[in-house]
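Can you make the complete structure from the sequences, with help from the hints?
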Amino acid sequence: MRLKEYECPAKTQLVRWLKNVYVMLGGLVIVSLFEYVPFMLGYGTGWALTGFDGPFMSALVLIFPQFFVLFFVATYFYRKTGKVYLGSLITAIVVSWVACGGSAYF
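Per numbering that gives the first Met the number 0, the sequence shown starts with residue 0, numbered consecutively.
Bear in mind the hints are in silico, worked out from the structure with no lab data behind them. Be aware that a few hints might be false.
What the hints assert, rightly or not - Derived CB-CB ranges, DEER-like:
{"id": "1", "residue 1": "C7", "residue 2": "V83", "range": "18 to 26 Å"}
{"id": "2", "residue 1": "G41", "residue 2": "L85", "range": "16 to 24 Å"}
{"id": "3", "residue 1": "G43", "residue 2": "L85", "range": "28 to 36 Å"}
Claimed, not checked - For lysine-lysine, the following DSS-like pairs were computed, each having C-alpha atoms within a straight-line distance of at most 27 Å:
{"id": "4", "residue 1": "K79", "residue 2": "K3"}
{"id": "5", "residue 1": "K79", "residue 2": "K18"}
{"id": "6", "residue 1": "K10", "residue 2": "K82"}
Where a beta carbon is used, it is the ideal one built from N, C-alpha and C, also for glycine.
What follows is the structure, given as structure tokens:
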């Protein structure tokens with residue numbers, strides 16, 4: 000099923016990207032709010048209050064900028080090919096590259 004095309008390609012890309020960011024990062028935003036709102040109020044991190052805390056929760060907000068870029072790339076390739084496979088492959092390659100070679104926080 001093809002999605003609606005807008006009057007200019009840039010608007011189509013932007014609208015689809017924003018929808019993808021909303022859908023794919025919505026749950027992660029809720030988790031990060033649960034993590035950081037108690038911390039900002041002085042109670043400690045949210046997961047530490049439940050007894051389940053790990054080092055990756057502190058790096059959660061560092062993942063958001065990467066996801067914004069990766070979802071833009073995935074949306075772009077979907078628009079060009081009409082299939083999700085190329086965007087998923089490029090996204091997986093970049094994430095593997097960052098995790099193995101250039102990540103200072105994992």
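Within 27 Å, alpha carbon to alpha carbon, are K79 and K3?
Holds, at roughly 14 Å.
Check the hint pairing K79 with K18 against an upper bound of 27 Å on the C-alpha distance.
holds (17 Å)
Supplied distance hint 28 to 36 Å, evaluated on CB atoms of G43 and L85:
violated (43 Å)
Is the distance from the Cβ of G41 to the Cβ of L85 consistent with 16 to 24 Å?
For L85 against G41, whose Cβ atoms are near 47 Å apart, the range 16 to 24 Å is violated.
Checking one constraint from the list: CA of K10 to CA of K82, max 27 Å. Satisfied?
Distance of about 20 Å is within 27 Å: holds.
Take the C-beta atom of C7 and the C-beta atom of V83, compute their distance, and say whether it sits inside 18 to 26 Å.
holds (23 Å)
Taken one by one, the earlier hints fail for this structure at numbers 2 and 3, listed in ascending order.
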